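Asks: Residues per chain, in single letters:
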Amino acid sequence: MTTLLRPFLERWIRERRSQLEEYRLMLRAFGRDWLAVASLAIILLFVFGAVFAPWLTPYPEQGRGEPNVLEKFLPPSWQHPLGTDNLGRDVLARILFGGRTSLSIGFLVVIIAVAIGTPLGALAGYFGGWLDEAIMRLTDIFLAFPSLLLAIAIAAALGPSFTNAMIAVALTWWPWYTRLVRAQTLSLRERSFVEAARGIGVREGTVILRHILPNVMTPVLVQATMDIGSAILTGAAMSFIGLGAQPPTPDWGEMVNLGRIYFINHPWLATFPGLAIFLVSLSFNLLGDSIRDIADPRTRRAAR
Amino acid sequence: MKVWEYILRRLLLAVLVVFGVSVVTFFIARVVPSDPAALWVGPRPSPDQIAAARVKLGLDRPLYIQYFYYLGNLLRGDLGVSIKTHQPIVQDLRAYLPATLELVLVGMAMAVFIGIPLGVLSAARRNRLLDHFSRLIAVAAVSIPTFWLGLLLQLIFFGQLRWLPIGGRVSIETTLYQPIQTVTGFYLVDTLITRNWPAFWDALTHIILPAFTLATYAIGLTIRMTRSTMVEVLQEKYIVAARAAGLPERTILFRLALKNALVPTLTVLALSFVYSLTGAILVEVIFSWPGLGSYVTSAIINVDFPVIIAVTLIVTVFYVLINLVLDLVQVALDPRVVLK
Amino acid sequence: MSRRSLSALLALTALTLLLSLVGCRPSTPPPAAGEMPAPPKENVAVYAHPTSFPDIDPSISYSNDSAVVSNLYETLVWYNPPMQPQLLRPGLAERWESNADATEWTFYLRKGVKFHDGTDLNAQAVKYSIERTINMGMGASYIWDPVEEITVVDDFTVRFQLKYPAPLDLIAASGYGSWIFSPACVEAQGEKASKWFNEGHDCGSGPYTIESYERGRRLVITRFDDYWGGWKPGQFNKVVFEVVEDPTVRQQMIEAGTADVTYDLPRENLAALDARPDVVVYTNPAFQNLVGLLNVRKPPLDNKLVRQAISYAFPYDRFIQTVVSGYAVQSHGPVPLGMWGHSEKLFQYTYDLDKARELLAQAGYPNGGFKLVMTHVAGDLDERQVGEVWKAELAKLGIDLEVRGMSWEAQWDLGKSDPMQAQDIFVMYWWPDYVSPYSFLYSMFHCEEETLFNLGYYCNPRYDELIDRGNELSGSNRAEAERLFIEAQQILVDEAVSLFFYDLVNTHAVRADIKGYVDNPAYPHVVFFYELSR
Chain A
0 MTTLLRPFLE RWIRERRSQL EEYRLMLRAF GRDWLAVASL AIILLFVFGA
50 VFAPWLTPYP EQGRGEPNVL EKFLPPSWQH PLGTDNLGRD VLARILFGGR
100 TSLSIGFLVV IIAVAIGTPL GALAGYFGGW LDEAIMRLTD IFLAFPSLLL
150 AIAIAAALGP SFTNAMIAVA LTWWPWYTRL VRAQTLSLRE RSFVEAARGI
200 GVREGTVILR HILPNVMTPV LVQATMDIGS AILTGAAMSF IGLGAQPPTP
250 DWGEMVNLGR IYFINHPWLA TFPGLAIFLV SLSFNLLGDS IRDIADPRTR
300 RAAR
Chain B
0 MKVWEYILRR LLLAVLVVFG VSVVTFFIAR VVPSDPAALW VGPRPSPDQI
50 AAARVKLGLD RPLYIQYFYY LGNLLRGDLG VSIKTHQPIV QDLRAYLPAT
100 LELVLVGMAM AVFIGIPLGV LSAARRNRLL DHFSRLIAVA AVSIPTFWLG
150 LLLQLIFFGQ LRWLPIGGRV SIETTLYQPI QTVTGFYLVD TLITRNWPAF
200 WDALTHIILP AFTLATYAIG LTIRMTRSTM VEVLQEKYIV AARAAGLPER
250 TILFRLALKN ALVPTLTVLA LSFVYSLTGA ILVEVIFSWP GLGSYVTSAI
300 INVDFPVIIA VTLIVTVFYV LINLVLDLVQ VALDPRVVLK
Chain C
0 MSRRSLSALL ALTALTLLLS LVGCRPSTPP PAAGEMPAPP KENVAVYAHP
50 TSFPDIDPSI SYSNDSAVVS NLYETLVWYN PPMQPQLLRP GLAERWESNA
100 DATEWTFYLR KGVKFHDGTD LNAQAVKYSI ERTINMGMGA SYIWDPVEEI
150 TVVDDFTVRF QLKYPAPLDL IAASGYGSWI FSPACVEAQG EKASKWFNEG
200 HDCGSGPYTI ESYERGRRLV ITRFDDYWGG WKPGQFNKVV FEVVEDPTVR
250 QQMIEAGTAD VTYDLPRENL AALDARPDVV VYTNPAFQNL VGLLNVRKPP
300 LDNKLVRQAI SYAFPYDRFI QTVVSGYAVQ SHGPVPLGMW GHSEKLFQYT
350 YDLDKARELL AQAGYPNGGF KLVMTHVAGD LDERQVGEVW KAELAKLGID
400 LEVRGMSWEA QWDLGKSDPM QAQDIFVMYW WPDYVSPYSF LYSMFHCEEE
450 TLFNLGYYCN PRYDELIDRG NELSGSNRAE AERLFIEAQQ ILVDEAVSLF
500 FYDLVNTHAV RADIKGYVDN PAYPHVVFFY ELSR
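Chains as they are written, first to last, in numbering that gives the first Met the number 0: chain A, 0 to 303; chain B, 0 to 339; chain C, 0 to 533.
It should be emphasised that the hints constitute simulated quantities derived from the structure, not laboratory data. Computed from a prediction, not measured in an experiment: that's the story for all the values here. Positions of the beta carbon are idealized from the N, C-alpha and C atoms, including for glycine. Mixed in with the good hints, there may be bad ones.
Covered, in the sense of this in silico footprint (three residues per stretch, anywhere, with C-beta under 8 Å from a C-beta of chain A), are these stretches of chain B [what the hints assert, rightly or not]:
hint	region
1	18-32
2	294-304
Chain A regions said to be covered by chain B (calculated; three or more residues, Cβ under 8 Å) [to be verified]:
hint	region
3	148-154
4	236-250
5	277-285
Computed Cβ-Cβ distance ranges for the label pairs, DEER-style [what the hints assert, rightly or not]:
hint	chain 1	residue 1	chain 2	residue 2	range
6	C	Gln420	A	Arg190	50 to 58 Å
7	A	Pro57	C	Glu486	50 to 58 Å
8	C	Gln489	B	Thr181	54 to 62 Å
9	A	Ser17	B	Arg124	33 to 41 Å
Take these sequences, add in the hints, and give me the full structure.
Replies: Shown next, in the form of structure tokens:
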């Protein structure tokens, strides 16, 4: 197996050597960036908490939504480090389980947006002409939409649910990627290797797949990392106004919304989930900043 | 000639975008599972009442006809009637829009007066404590959930300290004893014009918390943008020359450098102005601010789509106009843009 | 950024946390001296109201706007608060009578009543008002459906000829669609009257008239000096209706004394609020209940045994004691506590999972194994909690309950669709348009050709006969009508066509120095400020 793969691997490594070298440098710079590492650690901590939630709390069934009405509104204590909510559920357990919805909405929104935006941008940039014009005018319209309002309108139309909130936010997000990819594609199209590929008669589709897309992925990934934080914020805002995940499924934005009613007498209900949103979105923003600096060879060397 | 072509093209584009948005929202509105005719009548409509309302509201006509009527009215400046309150939306907007604009403008002013100085100083003291501090503020400001920040501020400044009111635009005492005469709809301006000092102070204390909550995002962006452009500008030769000539640091920073760093910052500010118009939705709900956000939130709860469409259109028009102005300013500054 | 900024970040986070926790102490310190409002220059009451007022045209108002409208206008007859010997008392009519079968009603009007525009109340004004409401066809106008013709007998006598027997006294006492106003005042505005009303004007005869109105925010009414009831010292000269959507803010306002009356506060906080020397919390039955209409057309709830089983699976007592902190009463059938037609003798389902299992086994579902969809209004916390608690209980029976929060519009739209595709359980509140059991029994359970509010799709001719007869008699023989209504309710309970979760309790927080406060559930959350003083 290895012998079969070997020549292929070697060729691949040879072709990509400069790029791998690039990644190695980026990784090293990343390791030296304290804040980036800390941010990543916080993110991983929350992801870990969400994935292994059932094993991390003594109250997994409460995390999933089962009421325990006899113990409602207990203040933070050793049994319930973050207190209990209006139906007596452990707030820490709710936050751990809530991470599943709140984090995944951030990731999924960006993934969907990239999935819609990237091909459209590549097509627009590569072919130009009326296709470019049509796609760009479409992005104009979607960008002109007040995004939260559009998301609200879509969620209202489809009915409030986790999936619909995600679709709604993603629909307001993709045009940014289309623009980014289009700009990158425009400059790539003029580059010699693309011209060469076209010159020897490689099919258009292949050129886009083999030569354009791989080269636009780095800026897209950098942008995506920077966007996850805002996507989580927007998702939380949607749940805050009741258009996100539906109870009893836990969700941070929804928990803040609920906690708002009891804010005077039982403030832990709103404080801790809000803090979770803040920490995660802060970490993603810091991580995104660092990755952007690292990905750009100029700032990578200048800054550190 | 080229420049005029460009401007004409941008104008046409703006119209196209507004038209596109109106089509999309109108059709979303009609897909929503709800019965506007029933909502129009009241909470307990009888079948006869619903049937009558359907005819009255023109809901019995085909969808595209309804849209053409809607468009026709729109062109005459008529945004329709709220299904829930039966009042002309234009009239409601006249009351709610100034409240939101006032909030957003005060927020923008905060972004300018907090964000720009912090950004400038941050760039001037690169990698020093102040720089770290203001960059931290910047990233925290764009990461914090506004709705949560609003709650914390209420808790601290009203709940604990009693320094600022918890919500609303003016206190009841003002309405009763120093009523504000509406001239512009901006209370801060109206009270100044009429020299109603107690009311001015009252309005000012009411606007601080919501405006600050709304402005956090813009403050963060402004710090970042000012800092990064200032860092570049400060490396320019003329700044180095000015330093060598021994000009005071303050003059160098705020007179020479900032002037050249200002354009991108103002662009960011202009765009976050539009962002704030929708961001106001959350802030207004938390602070009981009687503006566009509260208006559209209750419309969303009631599926009052004429209102939702109208507010969406208004915000879109702001977005398009500001973009248009930004583009035109850019042309004015550098006509080569057109040739792009 | 570097180590230093990380530590700054940590410090800031810690600070935020600290500040919020410090701010979290349940006690709220008394307001600092400088923050207290200036001593009122005149006697003003402030009502912190949780919703805005959609439409204050007296012919249209059919919602929370009633809180305002009831202080501006008057009805011919008033419905008394519970526990009074008489159901009704005179309003603008001093007395009234009907013929034997309740198809002709005559009202004798009070003399010397002035409208706010200075014109006098007369029979013509009554005829005009009711006819305007009927002709506009909005809001609650349908309650006047029985009326064939309104005749002005003389200046102070007005006669209603009905198409069929109806309790016109109860209808005339409705808080929606029964207001009397000045014809001259309305006519002066012509076509635009409705718009004019909503700009902050009125044409009533009530004790107060509108002074200023900021839509969606604040409405100020001021006393009408020529009110026929006269004025005594201590009564309020002005009343401010302050729209405050956030319950936290309303609670802070009533504690700080910047509001005098409010409602819809977190129930958990009510006991502590009531314990304060400066606030009184009044609790009264509300003519309103929470029901879960069961889809009797669609399996498995078309089976009576399954309906009974799930009726036994809701922990009524525990829910009422803990989740709503005791501020509710388990229902006896669909007519709520305090209303005529309510009977304590009706059977109540209790929380009994063994019984439920037994019934499920009889029905052929020994281990459950089916799924039910419950819809409710997404923003309503109590409905949502009912769903969350019930879901956990039904899970023990092997039944999977999907709790689906929707906008009311969408929930209702789904409910009106084909019953076979619609929800299994429709959770909603019901309150009467005018105070009659028929409102509950007809709207939610009478056969309907096209679904309107019978969202469990129940249809039983014998039941319909009972309540229709009861309705005919409710104008002439109320005791017999009540008997028929109770008999009909027994059918609903036996057939378990709906869950009757609980009857609501109104709680109003009122400042302790306000005298004369009485809650009248016939006019929900209306505060008759004329009756109050300080």
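Asks: Next, verify each hint and record whether it holds.
Replies: Now for the hints, and whether the structure bears them out:
no., hint, result
1, 18-32, "holds (count 9)"
2, 294-304, "holds (count 4)"
3, 148-154, "holds (count 5)"
4, 236-250, "holds (count 3)"
5, 277-285, "holds (count 6)"
6, Gln420(C) - Arg190(A): 50 to 58 Å, "holds, 57 Å"
7, Pro57(A) - Glu486(C): 50 to 58 Å, "holds, 53 Å"
8, Gln489(C) - Thr181(B): 54 to 62 Å, "holds, 60 Å"
9, Ser17(A) - Arg124(B): 33 to 41 Å, "holds, 38 Å"
Checked against the numbered hints listed earlier, the structure breaks none of them; every hint is satisfied.
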